[in-house]
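For chain B, the structure is supplied; the task is to place chain C on it using the hints.
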Amino acid sequence: MSKLASAGIGLRLPHHADFLAMHRSTGWVEVHSENYLSGPALAVLERVRADYPVSLHGVGLSLGSAAGVDDTHLERLRVLANRIDPFLVSEHLAWTGTDGAHLADLLPLPLHEESLEIFCRNVMQAQDVFKCQILVENPTTYLQFPESTIPEPDFLAEVSRRTGCGLICDINNIFVSAHNHGWDAQTYLRALPREAVREYHLAGHMSGKGEAKGLLLDTHDRAISPAVWALFDEALRIIGPRPVMIERDTRLPPLSALLEEAALAQARLDAQAGRVDHALVR
Amino acid sequence: MLSLGDRQRKFQAALLAMSARETTNGLGVYRNNVRGNLTLALKLVFPATLKLVGEDCFCAYAEKFLLAQPPRDADLHRYGEAFPDFLAASALAGQLPYLADVAWLDWGVHHALHEVEIPPLDPQTLAHAPENFSFVGHPSLSLRALRRDAQAIWAAVLEEDDDRLAAILPDDSIAPLIILRPRGLLEVIELSPAMFDLALTLASGFPLDAALAVIGDEEAAQALGLLLSYGMFSGITPTATEERSCLSR
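Top line first, the protein sequences correspond to chains B and C.
All residue numbers for the first sequence refer to the working numbering, where the first residue is 1 and numbers rise by one.
All residue numbers for the second sequence refer to the working numbering, where the first residue is 1 and numbers rise by one.
If you're looking for bench data, these hints aren't it; they were derived computationally from the structure.
Hints may be right or wrong, so weigh each one.
Here are the computed lysine-lysine pairs in the DSSO-like style, where the Cα-Cα straight-line distance is at most 30 Å [stated by the list, open to error]:
| # | chain 1 | residue 1 | chain 2 | residue 2 |
| --- | --- | --- | --- | --- |
| 1 | C | K64 | B | K131 |
| 2 | C | K43 | B | K209 |
| 3 | B | K209 | C | K64 |
| 4 | C | K43 | C | K10 |
| 5 | C | K64 | C | K43 |
Please read all numbers here as calculations on a predicted model, not as lab measurements.
Isolated chain C (complex conformation):
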């Protein structure tokens, strides 16, 4: 007799591997439920992406994605972070070079709206910070350097403004953005390239002094002050000396 664990692995593999033609009666119902439920979850997370490519195209790519990268969490609000990069690596990216960035904007807004609400770091706290520390990125935070035309396309698609959409000129210059909701309000903020590098480094958990090395000294204090005022961090964490020296190298 199959153990329960073996049965479940076999059943899951059948659900995720089957093509429509290979289904049998009951198994096919579960296959359709899984694909339908997960596709619906992705539609709710990616409204502009869905409108941009249309129902059939979206569903086809959503299905490829969910079979390759099914959710790892029962909270489906957390599912889809990898979908923008999946689209970037797909054949669609050749026709719609801004698509992955539009999808990232969908994700960033959804993520910010559904993350746990906690207050941002109070800059006064830094007066009592340990000698060596790194910042903790705010849980609602997403960062990406995207094509400049993507944000305009995203907004026009969501507002169903076809005239505005048609008037947008291709622009593949870089717009570094952060999306966050540190104080109950959604914020989409464009950063300078240097500030974006600092934000990315700090949000990745690098110690402050190592992160400041990526930006000129004169700009450093001002840039850090701005990021703190945006509410980009939710706390600080002490950094071990050995870790610092390793990262500094």
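Pulled out of the complex, with its shape left as it was, chain B reads as follows:
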């Protein structure tokens, strides 16, 4: 198992001081690239970079945009990547706005041949600029479009095949989307090309209320649910150990709580690695 097939945490701005002062360790950290383009946060990230491998996880590149990606923003991300030298660079199967607007949310993409071609073109442009493979994360979605013709894991597999990009397998996103659309989560996992998956994400979710009643919401505001841990165990069996990141974005708990969840994930990675080693010996 690679030394980076370990558990890390998503580093968020309110945890900066605690993270720099902490005596415990974590395998690596992932940050939202757009929060570290400039200013005091970038200075903190450069200090963190001295001690930990860093993964840059973008949320604003809009790889699914029919109008293409924003060259100015892509260049800013390239400059950041050159400065930080991340071990992973990633984005999402999503778009964030059109006609020049940026709506600060990961919006759902209709999945068909035209969107596949556009998405692949944008991924290849990003990889050309970063001069490295990028990873694409499966999104949480709350609706599906009638014009979609390609199942989501098949779409991701084809993007990876055509562009050479890797994938982030977000276990919570699969769990939430499977519930929202009546998919089978294990079938989804089996449809992903295991060799392309280079990272897992784990996070918490909640049940929707009011107009969102009946949906699960990808809130990143609470501990990982037992059902998502169980699906993670399944992913480790189907896909294998990969770096795993604990994601929390709102209602941030103390940093120690995230590190404890990372330790739980690490124990599962270690147990799976032990099983793999044992199988090899036999």
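Showing chain C alone in chain B's frame:
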């Protein structure tokens, strides 16, 4: 079948136009996410404005603003420059005439802290400047002639000093300010009205000789020297002769 571009335009229009009552299940989640994320971004940029008007009022005006003027950039640190003038044109301005200026102070500080750090122009460079040139404003720079009471209100609100806030007397006289961070330290500097006019003209890209026409000759050298010492510019750019003559007219 809708093309991807048409689908995205239709979806975005639905997100930005919907009222809460018109939502359907999944679309409503995205609507709430967009409004929640952008409102949060504005709260982080405008801390004093938020404290001054309160959570509910701020969120109501933030939502009106973000629906009318959604971000044009994926870097949300760049979002909100137009919010002070949006507030100035709102009904709130009648009750809180200093509000837009307080919001501008929030913006100016946020902008200065998050702009790319580059060194200011070295005045020695001007010895080798082309015959015709204009200055490039430092990227961290913001300028505004605001109500004199706004800065005191802004500071008292941020420090949560209610006694000091209550003691501030209304003062609608003009305080011309620049906010910048040319050397790693945030600076909020009040200028004389004449210097402010010069600073505004130069920062707008007018050639030096045209800009100097707005200020008396005797004051010009001293004023320019002060602006350079503040680090207000990051460079110079040659100006075409035709452009100069056009601007001079």
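Quick rundown of the hints versus the structure:
no.: 1; hint: C/K64 <-> B/K131; in the structure: 41 Å, violated
no.: 2; hint: C/K43 <-> B/K209; in the structure: 25 Å, holds
no.: 3; hint: B/K209 <-> C/K64; in the structure: 24 Å, holds
no.: 4; hint: C/K43 <-> C/K10; in the structure: 28 Å, holds
no.: 5; hint: C/K64 <-> C/K43; in the structure: 14 Å, holds
The structure fails to meet hint 1 from the earlier list, while all remaining hints are met.
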